[in-house]
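**Student:** Each protein sequence line maps, in turn, to chains E and S.
Here our numbering is used: position 65 in the first sequence is 65, and no number is missing along the way.
Here our numbering is used: position 62 in the second sequence is 62, and no number is missing along the way.
What the hints contain is simulated information worked out from the structure, not anything from laboratory work.
Treat each hint with caution, since some may be false.
Claimed, not checked - Below, simulated DSS-like cross-link-like pairs (lysine-lysine); rule was C-alpha separation at most 30 Å, straight line:
(1) S/K69 / S/K52
(2) E/K78 / S/K69
(3) S/K52 / E/K78
(4) S/K52 / E/K83
(5) S/K3 / S/K52
(6) E/K57 / E/K83
(7) S/K69 / S/K3
(8) E/K57 / S/K3
(9) E/K83 / E/K42
(10) E/K78 / E/K42
(11) E/K57 / S/K108
(12) E/K78 / S/K108
(13) E/K57 / E/K78
(14) E/K57 / E/K42
(15) E/K42 / S/K3
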Amino acid sequence: EPEVTQTPSHQVTQMGQEVILRCVPISNHLYFYWYRQILGQKVEFLVSFYNNEISEKSEIFDDQFSVERPDGSNFTLKIRSTKLEDSAMYFCASNNQGDSTEAFFGQGTRLTVV
Amino acid sequence: DAKTTQPPSMDCAEGRAANLPCNHSTISGNEYVYWYRQIHSQGPQYIIHGLKNNETNEMASLIITEDRKSSTLILPHATLRDTAVYYCIVRVRGGKLIFGQGTELSVKP
């Protein structure tokens with residue numbers, strides 16, 4: 001069964017460093033998303049991406065964040081200068097069409113900023 | 001932000017049906033109801049979704065009231081592995097999912 005894969009599963013970084021979280025969505029999917037979940041809190045939407053551009057972003061997704069689909073298979077989330085409060089689980093998701101089809105999530109990357 | 005209301009927690013005996021309710025009184029006519037679950041801190045797992053009609057798949061059944069203001073997720077024979085947080089989500093235009101606090105389902109032996 002096709003699945004969304006994310007790497008690495010766990011990343012530890014120093015405050016102020018740049019990190020890139022990687023995702024390989026399901027191959028025929030067209031819509032891509034990043035979500036995050038701070039420990040003990042609910043899952044929060046960050047950004048959606050379609051047709052090689054951001055279609056929607058939340059207030060959390062400020063200038064420190066960027067997304068890219070560099071090669072037609074990978075979908076990345078970059079945090080330019082990490083802060084302690086960026087520590088969270090980051091989930092990538094993808095779906096084939098819009099609202100009417102299910103989005104599948106990866107297993108997440110646990111980002112720890114020290 | 002969440003357009004749904006769910007009880008914070010529920011218990012269910014192993015082997016029995018688990019019925020998880022959800023209120024979504026402000027749902028619009030073309031918005032879908034989605035159910036996901038999350039076990040520990042794993043990625044949310046898709047369960048089922050529907051628009052107007054009741055739906056059934058290998059995991060669960062979804063019963064949507066005629067006025068679409070509420071729905072019920074049914075796990076017909078709950079197992080210990082079904083212990084998780086279950087999220088009822090009204091999916092907004094554009095496709096993003098807005099997660100609430102969900103219902104923490106505990107399946108007990």
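**Student:** Evaluate each hint against the coordinates.
**Tutor:** Hints versus structure:
| no. | hint | verdict |
| --- | --- | --- |
| 1 | S/K69 / S/K52 | 10 Å, holds |
| 2 | E/K78 / S/K69 | 39 Å, violated |
| 3 | S/K52 / E/K78 | 39 Å, violated |
| 4 | S/K52 / E/K83 | 44 Å, violated |
| 5 | S/K3 / S/K52 | 17 Å, holds |
| 6 | E/K57 / E/K83 | 19 Å, holds |
| 7 | S/K69 / S/K3 | 11 Å, holds |
| 8 | E/K57 / S/K3 | 19 Å, holds |
| 9 | E/K83 / E/K42 | 19 Å, holds |
| 10 | E/K78 / E/K42 | 21 Å, holds |
| 11 | E/K57 / S/K108 | 40 Å, violated |
| 12 | E/K78 / S/K108 | 42 Å, violated |
| 13 | E/K57 / E/K78 | 14 Å, holds |
| 14 | E/K57 / E/K42 | 17 Å, holds |
| 15 | E/K42 / S/K3 | 14 Å, holds |
Consistency with the previously given hints fails for numbers 2, 3, 4, 11 and 12, ordered from lowest to highest.
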